[in-house]
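Given only the sequences and the hints, what does the whole structure look like? Please build it.
Residue numbers 2 to 266, in our numbering, belong to the letters of the sequence shown in order.
Simulated from the structure, these hints should not be mistaken for laboratory data. Remember, it's a predicted structure, so these values are computed and weren't measured experimentally.
Cut-off 27 Å, straight-line C-alpha distance, at most; resulting in silico cross-link-like pairs (BS3-like, lysine-lysine):
id, residue 1, residue 2
1, K108, K200
2, K113, K153
3, K158, K108
4, K44, K79
5, K28, K108
6, K153, K200
7, K113, K254
8, K200, K169
9, K44, K75
10, K195, K79
11, K255, K195
12, K75, K51
13, K158, K113
14, K200, K256
15, K255, K187
16, K256, K113
17, K220, K256
18, K28, K113
19, K113, K79
20, K113, K161
21, K200, K161
22, K256, K195
23, K44, K108
24, K200, K254
25, K113, K200
26, K51, K79
27, K108, K153
28, K187, K113
29, K75, K113
30, K108, K51
31, K79, K161
32, K187, K161
33, K108, K195
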Amino acid sequence: MRISLVYLFVIAFVSNGCFPAGNDRGKIVLNSLEGDQVNINLKFDNVSQKITVSLPPSENLCISDYVADNRVEKIEVKNGKFLFLSFCIRGGSGVGLGATICICVSKGHLYKALDIISRDDESFTVPNDNVADSQGLYYGNTTSRISVINLKEDMDKGYKLIATEYYKAFYKHTPAANSESLDTLKLNFDSGNKVFYTKDTSLNGTYSIINDPNVFPPKTEQRDFNDEEYPCVENNEGSYMFVDGEWYMLNPKKKLLVREWDICK
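Next comes the structure, spelled out in structure tokens:
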């Protein structure tokens with residue numbers, strides 16, 4: 002579904018940069034999926050490069066992608082029950098990345114209802130200063146944004162999350178490749194797994210599962226699938242699958258790269 006690009010800047014604009022955040026973001030009040038009021042504590046740790054989400058007395062969820070310069074883009078609560086965190090994660094040379102994670106509470110436990118890369122800015126202007134590209138033939142940049150717009154609750158159909166996906170590509174010397182688009186993503190809620198998804202996707206064959214990308218070479222294990230279906234968030238930039246309690250990025254070469262790894266211990 003296409004939307005006028007004017008609409009993007011009215012309701013779905015996200016800043017290019019990330020904003021400083023204090024180490025302790027304090028207490029956030031949520032309602033559990035059962036309707037009970039709970040207190041969530043957030044702590045941003047620059048040294049360990051993690052965000053800790055705590056539910057007293059002893060429930061903790063750790064987010065390991067947090068970049069170590071203390072930057073966060075947005076913290077907001079939707080529908081009173083879902084906490085959304087958008088923050089900078091580590092990219093590479095000329096690449097700026099951001100992630101969006103959704104947290105909910107059910108029966109005294111924390112659940113990661115969504116975990117995706119929501120911002121991808123890539124700039125190819127630096128090589129213009131080098132002799133190898135003195136004419137700037139590779140000058141260009143791309144921007145990709147996923148912005149959460151609304152979250153509704155239907156007594157019969159459950160929760161529905163609405164987001165926009167904006168993409169723009171600009172190449173100075175190849176204008177035919179330039180493009181700009183805005184799509185709508187509609188995510189349903191899997192009440193059993195406590196996750197949002199766009200569709201169920203089956204896995205078949207042998208996949209390499211990378212559960213700790215922080216180690217080089219990455220630790221991998223092989224796993225065979227036989228057409229089992231899993232919740233999946235699919236967008237223009239890629240696919241994210243929720244497999245056995247973990248969010249993974251799906252690689253076309255039959256690889257599942259974990260979005261987070263357990264660093265609470």
